[in-house]
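Peer 1: Chain residues, written in single-letter form:
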Amino acid sequence: MSVTTAPASGSGVRVPARGALLGYLLLLPAVAVIVLLVIVPMAFIARESFALSDPLLGGDMGGFTWANYAKLFDPVYAKTMGYSLGLAALNAAVCLVVGYLLAYYIATRPARRQPVLLMLVIIPFLTDFLVRTFAWITLLGSGGPYVKIARALGFGASSLVPSQTAVIMSLLYAFLPVAVFPIYASMRAIDPSLREAAADLGAGWWQTHRRIFIPLSATGIGSSVMLTFVPTLGVFVIPVLLGGGKDPLVGNLIVTLFTEFRNEPMGAAMSMVVLVLMLVSVALITGVLRLIATRSNRRAV
Amino acid sequence: MDRFVAWFCRIAFVFLYIPIVAVVVYSFNASEVSYRYTGVTTHWYAELFHDDRLLETLRTSAVVGVLASLVATAIGFLTAFALARYRVKGRAFFLGAIMIPLIVPEIVLGVSLLEIFSRAGIPNGLLTLVLGHVVITLPLATLVQMGAMTSLDPSLSEAATDLGANGWVIFRRVLFPLLRPSVLAAFLLSFTTSFSNIVISTFTSGVGTTTLPLRIYSSLRTGLTPELNALGTLLVLFTLAVIVLVGVRQMRRILA
Numbered sequence: 001m002s003v004t005t006a007p008a009s010g011s012g013v014r015v016p017a018r019g020a021l022l023g024y025l026l027l028l029p030a031v032a033v034i035v036l037l038v039i040v041p042m043a044f045i046a047r048e049s050f051a052l053s054d055p056l057l058g059g060d061m062g063g064f065t066w067a068n069y070a071k072l073f074d075p076v077y078a079k080t081m082g083y084s085l086g087l088a089a090l091n092a093a094v095c096l097v098v099g100y101l102l103a104y105y106i107a108t109r110p111a112r113r114q115p116v117l118l119m120l121v122i123i124p125f126l127t128d129f130l131v132r133t134f135a136w137i138t139l140l141g142s143g144g145p146y147v148k149i150a151r152a153l154g155f156g157a158s159s160l161v162p163s164q165t166a167v168i169m170s171l172l173y174a175f176l177p178v179a180v181f182p183i184y185a186s187m188r189a190i191d192p193s194l195r196e197a198a199a200d201l202g203a204g205w206w207q208t209h210r211r212i213f214i215p216l217s218a219t220g221i222g223s224s225v226m227l228t229f230v231p232t233l234g235v236f237v238i239p240v241l242l243g244g245g246k247d248p249l250v251g252n253l254i255v256t257l258f259t260e261f262r263n264e265p266m267g268a269a270m271s272m273v274v275l276v277l278m279l280v281s282v283a284l285i286t287g288v289l290r291l292i293a294t295r296s297n298r299r300a301v
Numbered sequence: 001m002d003r004f005v006a007w008f009c010r011i012a013f014v015f016l017y018i019p020i021v022a023v024v025v026y027s028f029n030a031s032e033v034s035y036r037y038t039g040v041t042t043h044w045y046a047e048l049f050h051d052d053r054l055l056e057t058l059r060t061s062a063v064v065g066v067l068a069s070l071v072a073t074a075i076g077f078l079t080a081f082a083l084a085r086y087r088v089k090g091r092a093f094f095l096g097a098i099m100i101p102l103i104v105p106e107i108v109l110g111v112s113l114l115e116i117f118s119r120a121g122i123p124n125g126l127l128t129l130v131l132g133h134v135v136i137t138l139p140l141a142t143l144v145q146m147g148a149m150t151s152l153d154p155s156l157s158e159a160a161t162d163l164g165a166n167g168w169v170i171f172r173r174v175l176f177p178l179l180r181p182s183v184l185a186a187f188l189l190s191f192t193t194s195f196s197n198i199v200i201s202t203f204t205s206g207v208g209t210t211t212l213p214l215r216i217y218s219s220l221r222t223g224l225t226p227e228l229n230a231l232g233t234l235l236v237l238f239t240l241a242v243i244v245l246v247g248v249r250q251m252r253r254i255l256a
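Just so you know, the protein sequences line up as chains A and B, in that order. In case it helps, the numbering used here puts the first sequence at residues 1 to 301. In case it helps, the numbering used here puts the second sequence at residues 1 to 256.
Since the hints were derived computationally from the structure, they do not count as laboratory data. Any given hint could turn out to be false.
[As the list claims (entries may be wrong)] Heads up, incomplete: computed chain B residues facing chain A, CB under 10 Å, no partners named:
(1) L16
(2) F28
(3) T38
(4) L70
(5) R173
(6) L189
(7) V199
(8) V207
(9) T210
(10) L231
(11) L240
(12) V242
(13) I243
(14) R252
[To be verified] Here are some of the chain A residues that sit facing chain B, going by a computed Cβ distance under 10 Å:
(15) V33
(16) V35
(17) V38
(18) M119
(19) L120
(20) G141
(21) Q164
(22) I214
(23) P215
(24) L275
[Stated by the list, open to error] Think about it this way: if two alpha-carbon atoms lie no more than 20 Å apart in a straight line, the pair counts; the simulated SDA-like pairs of lysine to any residue are:
(25) A:K148 / B:S31
(26) B:K89 / A:K246
(27) A:K79 / A:F261
(28) A:K148 / B:A30
(29) A:K148 / A:I123
(30) A:K71 / A:V94
(31) A:K246 / A:S142
(32) A:K246 / A:L28
(33) A:K79 / A:S163
(34) A:K148 / B:F28
(35) B:K89 / A:P55
(36) A:K71 / B:Y17
(37) B:K89 / A:L22
(38) A:K246 / A:M81
(39) A:K148 / B:V14
(40) B:K89 / A:L28
None of these values were measured; they are calculated from a predicted model. Beta carbons: idealized from backbone N, C-alpha and C, even for Gly.
Using the sequences and the accompanying hints, generate a full structural model.
Peer 2: Okay, here's the thing in structure tokens:
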């Protein structure tokens, strides 16, 4: 291997190198992983979502049918679909509001204190997902701190596990850090003097956010929604552990269809729905961001 | 209003830590049931180290984590090097392609892997687990190392060239030593990601290759035991150790 960087030619940030061919060779293993273990497998899932399945034994019977997609409108599936979308939207919205405020708070602290505060968000983020989830069983379950405190305050509280409240709490807890990082990253780049100028010109809190912080952190806000909304649909651990499995999410159905019912074509169709929703949300968010960018450009001119 | 936001955020920070504190506190609870806090004990920790089935899954997770992270870090290094230092056409395209596993919901990646492995006739086991974990750790490993490479001062390798060093010598004596912390960070973060993964493992583990999270999940379905709180506490300590090793500054550059 000879990794040769050409001597200073021009003033580019990146050192231009000889032999772009070697560059492509270095990319080969990553491209192989993405193509063989992500793209091709997803193509097979797309194909399988149109396959017939044996009504008794399950499994992929080949052929072509729209039946799996039509079945998504059956009450059983449609109910889970609607419930999941609602819960995912709620979770994304709460994560966005709380995440935005946290990011704003951290980004407006003195530079010395910011890494410490960010660290406080990173620690729970890197803590094992299952540990973060089962902690809520202790906190909200029978005899746990929640019940004790509520009783001490004179409310007749009983265990919240299993319950929808517990599911919502632990979804928020699971996704909040992910919502903070991208917003913080784009807020850190905002010139602090803009905030001072806005204050000098008499802009209120809301106006400062509407005119400065929200437009300038739009990219981060977009990523934050993207990283919370659709991924919530695929969660299957939380509804089982904290919701008692009564209200499954799309993720639970996919797991059950693949591992228990062996109805892979139906599971594939559901997976495709999740994938398409993800693509749609990415397209929507990018579109909105572009719109904001052109509008603010026009205003600047 | 800013005062209100400050108070709200302080509460949010407390919210982020209540569950972690609860796991640690209850891991020392002498009582079998969480109803009572009857005193302090380290009994549950001792119990953990005698649970052979649990230790077996711990071993599986460690092996899978090390193998997948080594592969992801190595591939990520090559990818980052190519993207940061070579004039590759379609740079944005390649970068976007490598980020796909970050954007596609994990469950879709999981079922796709299950599908392809069963079609290819590869039985679920160590190999499928490692390959699956490589997929989800590769974007992170690449990003971490690329961040470090793009912030390298180009004049360093120019100076080395002027002093007569050839390509390989520059790489080994100048570039790699500077990149070593980011290589370690990529490995550690990949390991943490792999070690705590449950979604991909659900679809890629086979008989005899149950990972630790899968084992925790299946025992949680029958109920939370104090032993699991003890295990959770150890996992929290492990996370803190990783963060200390990676370093606060590098961590911040990676995530935000």
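Peer 1: All the hints need checking, so say for each whether the structure fits it.
Peer 2: Against the structure, the hints:
Because the closest C-beta pair between B:L16 and chain A is about 5 Å apart, less than 10 Å, the hint holds. Annotation: B:F28 was flagged as interfacial toward chain A, and the flag is violated, the nearest CB pair being 13 Å apart, outside 10 Å. A distance limit of 10 Å between C-beta atoms decides the matter here; for B:T38 the minimum to chain A is near 12 Å, and the interface restraint is violated. Against a cut-off of 10 Å between C-beta atoms, the interface hint on B:L70 is violated, since the closest Cβ of chain A lies about 13 Å away.
The restraint placing B:R173 at the interface with chain A is violated, with a minimum CB-CB distance near 12 Å, outside the 10 Å limit. A distance limit of 10 Å between C-beta atoms decides the matter here; for B:L189 the minimum to chain A is near 8 Å, and the interface restraint holds. Because the smallest distance between the Cβ of B:V199 and any Cβ of chain A comes to about 7 Å, under 10 Å, the interface hint for this residue holds. With a least beta-carbon distance of about 13 Å to chain A, the hint placing B:V207 at the interface is violated under the 10 Å criterion.
Interface restraint check for B:T210: the shortest CB-CB distance to chain A comes to about 14 Å, outside 10 Å, so the restraint is violated. At about 8 Å, the closest approach between the beta carbon of B:L231 and any beta carbon in chain A falls short of 10 Å, and the interface hint on this residue holds. Among the interface hints, the one on B:L240 holds; its C-beta lies about 7 Å from the nearest C-beta in chain A, closer than the 10 Å criterion. Hint status for B:V242: holds, given a least beta-carbon distance of 7 Å to chain A, under 10 Å.
Taken as an interface hint, B:I243 checks out: its beta carbon lies about 7 Å from the nearest beta carbon of chain A, inside 10 Å. Annotation: interface hint on B:R252 holds; nearest CB of chain A at approximately 5 Å, less than 10 Å. Given the 10 Å rule on beta carbons, the hint for A:V33 holds: about 6 Å separates it from the nearest Cβ of chain B. Hint status for A:V35: holds, given a least beta-carbon distance of 8 Å to chain B, under 10 Å.
Taken as an interface hint, A:V38 checks out: its beta carbon lies about 6 Å from the nearest beta carbon of chain B, inside 10 Å. Annotation: A:M119 was flagged as interfacial toward chain B, and the flag holds, the nearest CB pair being 6 Å apart, inside 10 Å. At its closest, the beta carbon of A:L120 sits 6 Å from a beta carbon of chain B; the interface hint therefore holds under the 10 Å criterion. Below 10 Å, beta-carbon pairs count as interface contacts, and A:G141 has one with chain B at about 7 Å; its hint therefore holds.
Checking A:Q164 against chain B by beta carbon gives a least distance of about 18 Å; that is not within 10 Å, so the hint is violated. Taken as an interface hint, A:I214 does not check out: its beta carbon lies about 14 Å from the nearest beta carbon of chain B, beyond 10 Å. Annotation: A:P215 was flagged as interfacial toward chain B, and the flag is violated, the nearest CB pair being 19 Å apart, outside 10 Å. A cut of 10 Å between beta carbons decides the hint on A:L275: the least distance to chain B is about 5 Å, and the hint holds.
Straight-line distance between C-alpha atoms of A:K148 and B:S31 comes to about 16 Å, which keeps the hinted pair within the 20 Å bound. Among the hinted pairs, B:K89 with A:K246 is inconsistent with the structure: their alpha-carbon atoms are about 51 Å apart, more than 20 Å. The hinted pair formed by A:K79 and A:F261 meets the criterion: a straight-line CA distance of about 19 Å does not exceed 20 Å. Restraint check for A:K148 and B:A30: satisfied, since their Cα atoms lie roughly 18 Å apart, inside the 20 Å limit.
A hinted pair counts as satisfied when its Cα atoms are at most 20 Å apart, and A:K148 with A:I123 does not qualify at roughly 28 Å. Of the pairs offered as hints, the one joining A:K71 and A:V94 is violated, with about 32 Å between alpha carbons and a cut-off of 20 Å exceeded. A distance of roughly 18 Å separates the Cα atoms of A:K246 and A:S142; the hinted pair therefore holds under the 20 Å criterion. About 46 Å separates the Cα atoms of A:K246 and A:L28, which puts this hinted pair outside 20 Å; it is violated.
Taking the CA atoms of A:K79 and A:S163, the gap is near 18 Å; set against the 20 Å cutoff, the hint holds. Between A:K148 and B:F28 the alpha-carbon distance is near 19 Å, which keeps this suggested pair within the 20 Å criterion. With a C-alpha separation of about 50 Å, the suggested pairing of B:K89 with A:P55 is violated against the 20 Å cut-off. For a cut-off of 20 Å, the pair hint linking A:K71 to B:Y17 is broken: about 43 Å separates their Cα positions.
The suggested pairing of B:K89 with A:L22 holds, with an alpha-carbon distance near 12 Å, which does not exceed 20 Å. The straight-line distance between the Cα atoms of A:K246 and A:M81 is roughly 14 Å, inside the 20 Å bound, and the hint therefore holds. For a cut-off of 20 Å, the pair hint linking A:K148 to B:V14 stands: about 19 Å separates their Cα positions. Between the alpha carbons of B:K89 and A:L28 the distance comes to roughly 14 Å, so the proposed pair stays at or under 20 Å and holds.
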